[in-house]
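Engineer: Now for the letters of each chain:
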Amino acid sequence: MKSFLIKNTDKTVSVAYCVSKNKIEEGLKVPTDSMSDEDYNNFLIKKTIPSDAVSYREINTELIPADREFRNAWCDALPGQQIDIDLEKAKALKLDELRAERNKRLSFLDSEYLQKMEAGEDLTQIKAKRQKLRDATNALKALDVASQYNDKAKLDLIKQLSNDKVLD
Amino acid sequence: MSQGFTSSIPVPLPVGQGGTGKTSATAYAVQCAGTTSGGAQQSIASVGTSGQVLTSNGAGTLPTFEDAAGDGVIKAWVAFTGQGTVAIDDSFNVTSITDNDTGNYTINLTITFATTDYCFVVGVNRNDATDGSINNLYSKTTSSVRVSTQSPATTVVDVLTVSAAFLGAL
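Top to bottom, those sequences are chains Z and D. Here the first sequence is numbered in the working numbering, starting from 1 and rising by one per residue. Here the second sequence is numbered in the working numbering, starting from 1 and rising by one per residue.
In case anyone wonders, no lab produced these hints; they're calculated from the structure. A quick note: this is a predicted structure, and the numbers were derived from the prediction, not measured. Treat each hint with caution, since some may be false.
As the list claims (entries may be wrong) - List time: in silico DSS-like cross-link candidates among lysine-lysine, alpha-carbon distance up to 27 Å:
(1) Z:2 to D:140
(2) Z:46 to D:22
(3) D:140 to Z:23
(4) D:22 to Z:47
(5) Z:11 to D:22
(6) Z:104 to Z:89
(7) Z:29 to D:140
(8) Z:7 to Z:154
(9) Z:7 to D:22
Start from the sequences and build out the full structure, keeping to the hints where you can.
Structural biologist: Quick look at the structure:
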């Protein structure tokens with residue numbers, strides 16, 4: 001099975017997974033093994049590669065990461081056959097996820113805050129909780145990953161700093 | 001001393017004696033029984049073309065080959081894995097699937113529909129008993145569709161499997 005790595009205009013990459021030559025022949029209703037390898041390749045490209053793609057290349061499926069946690073940070077930036085991971089994008093992805101979860105928890109706290117305020121209760125603890133949630137993204141925000149790719153230790157750190165536990 | 005043997009096998013051998021009642025047949029033609037129970041076999045008029053199906057024309061008439069492409073027939077389908085190692089599990093008339101992003105896939109067809117008014121049906125499996133999936137048609141051309149799969153909380157998510165079928169006029 002052939003696969004292609006397609007570079008898009010927004011610097012993201014798409015990965016196309018193609019069917020076998022026999023499957024194409026079956027669809028086109030031509031005899032089995034009547035298509036040359038070149039015709040097969042040209043057909044795949046014609047049907048699969050978008051007209052606005054920046055570039056494309058064939059990629060060995062073994063080089064496609066099975067871990068899709070940072071899928072939207074995949075890119076084709078460095079020399080070599082591998083798919084790269086843009087750490088700056090990986091950080092932005094995780095910051096977005098963390099903020100979404102943090103905001104959910106803040107809105108719960110807001111209603112709790114109002115109830116306590118109306119009841120004239122002590123707000124010190126709840127204020128501290130809210131501040132902790134607001135500060136939860138600071139460590140990840142401070143992580144310097146500009147123009148860096150594929151650094152496993154940094155990716156692990158991004159995971160660690162965006163784990164829900166930082167909100168507890 | 002050998003005993004004499006006189007043969008009187010008729011040519012062509014009649015159906016009643018286990019023959020076909022014919023001396024020749026059209027190469028590759030489908031053979032049908034005769035117009036009576038003992039009548040000579042008949043070849044249908046045409047051997048058809050690749051992909052055609054044999055359709056009955058009712059009793060008393062030979063069947064004929066014709067195109068299978070009625071508009072009610074599924075023209076293409078695919079089942080693929082959308083999580084972990086993305087892969088086409090099985091398909092018909094699909095050239096490739098493209099993983100564009102998390103929960104965003106393009107299905108590239110081998111065929112080309114006459115217009116973009118064709119019907120496209122998709123189902124997904126998220127392997128999650130408590131959470132469903134909303135499948136959005138992202139864009140559609142005569143030879144491809146792009147879909148995104150979202151959780152009910154409108155977060156785009158990868159799904160375990162995607163199954164899709166296409167119907168319409170080519």
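Engineer: If a hint holds in the structure, say so; if it does not, say that too.
Structural biologist: Right, here's what the structure says about each hint:
1. Z:2 to D:140: holds (24 Å)
2. Z:46 to D:22: Violated, at roughly 50 Å.
3. D:140 to Z:23: With Cα atoms ~23 Å apart, residue 140 (chain D) and residue 23 (chain Z) stay inside 27 Å; holds.
4. D:22 to Z:47: Violated, at roughly 49 Å.
5. Z:11 to D:22: violated (70 Å)
6. Z:104 to Z:89: OK: residue 104 (chain Z) and residue 89 (chain Z) at ~23 Å, within 27 Å.
7. Z:29 to D:140: Holds - the C-alpha atoms of residue 140 (chain D) and residue 29 (chain Z) are around 25 Å apart, at most 27 Å.
8. Z:7 to Z:154: Holds, because 24 Å separates the two Cα atoms, which is no more than 27 Å.
9. Z:7 to D:22: violated (65 Å)
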